[in-house]
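Student: Make a model of the complete structure from these sequences and hints.
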Amino acid sequence: MGTEREGAVKIERAFDSTLESVDEAEALILESAANAGFDEDEQHHISMAARECLVNAVVHGNRYSAHKKVHLVIETSSDRIRILITDEGEGFDLTELPDPLAEENLLRHSGRGIFLIRAFMDDLQMRKVSPHGTEVTLVKIRGRNEDK
Amino acid sequence: MNNRQVGDVTVVDVSGRITLGEGSSELRDALRDLVAKGNKKILLNLGDVSYIDSSGIGELVSGFTSVSNQGGQLKLLNLTKRVKDLLQITKLYTVFEVHDDEAGAIRSFA
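Chains as they are written, first to last, in my numbering: chain L, 1 to 148; chain G, 149 to 258.
Honestly, the hints are just simulated from the structure, not real lab data.
Treat the hints with care, since some could be wrong.
[What the hints assert, rightly or not] Stretch-level coverage of chain L by chain G, calculated; a stretch enters the list once three of its residues show a Cβ under 8 Å from a Cβ in chain G:
id : region
1  : 49 to 60
2  : 102 to 109
3  : 115 to 123
All C-beta atoms, glycine included, are put in the ideal place defined by N, C-alpha and C.
Tutor: Okay, here's the thing in structure tokens:
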């Protein structure tokens, strides 16, 4: 489902909690970023950040539950893309995440997803939603990818 | 994913995406298999890898640790700019020994 107003485009979709859905949602986000005029590197960063977030929603949020959906909203305007990804899980505390760049964590198998999202996007916000779930908002501004 | 033996070095040519649900479990299994068979000199050729996510990075790190713990060496070859950037952002570029030239990489194991 998509709506368009004054050059802005909004797409809303709900996905099953599967890795195939992650691929499908990522492809949709990539297409939206390309249509909005982001360059190839920016598109790659948006797609990677969104994928990390979608995987978190499916794996850690909804735990692959067939009864839970991942909700995606993509909003593009003249200078930015805003992506909202919401799961129906129990949520988690960002403050509990160890720093993946700390010497003692460099060789850990996991724990880099949120770090990569922050590195690749201009803004990351997370909040718990009622009754269950976590909503993550990612924002990328066009032409501001240097040093990101 | 394809393995070649060059002298006593096993070169693993990896292509496509190394992501959760796609190539990361394949990479994990391939490295576990090589370690189990006693291969201690492993060169991962990532020249045709288009995309790695955090799960793929995790498998590279686990493979590196597992090979090192067995007294072996795992080195990387032909990183694309995107993969190199990713390893730099995550500070792993200094952890791995990275080569741009296969012959040089093979010699470095001697």
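Student: Does each hint fit the structure? Answer for all of them.
Tutor: Hint-by-hint comparison with the structure:
For the region 49 to 60 of chain L, the stated coverage by chain G holds: 4 residues have a C-beta nearer than 8 Å to a C-beta of that chain, and at least 3 were required. Residues of the region 102 to 109 of chain L lying with their CB closer than 8 Å to a CB of chain G number 4, which satisfies the three-residue condition for coverage. Counting residues of the region 115 to 123 of chain L whose CB lies closer than 8 Å to any CB of chain G gives 3, which reaches the minimum of 3, so the coverage claim holds.
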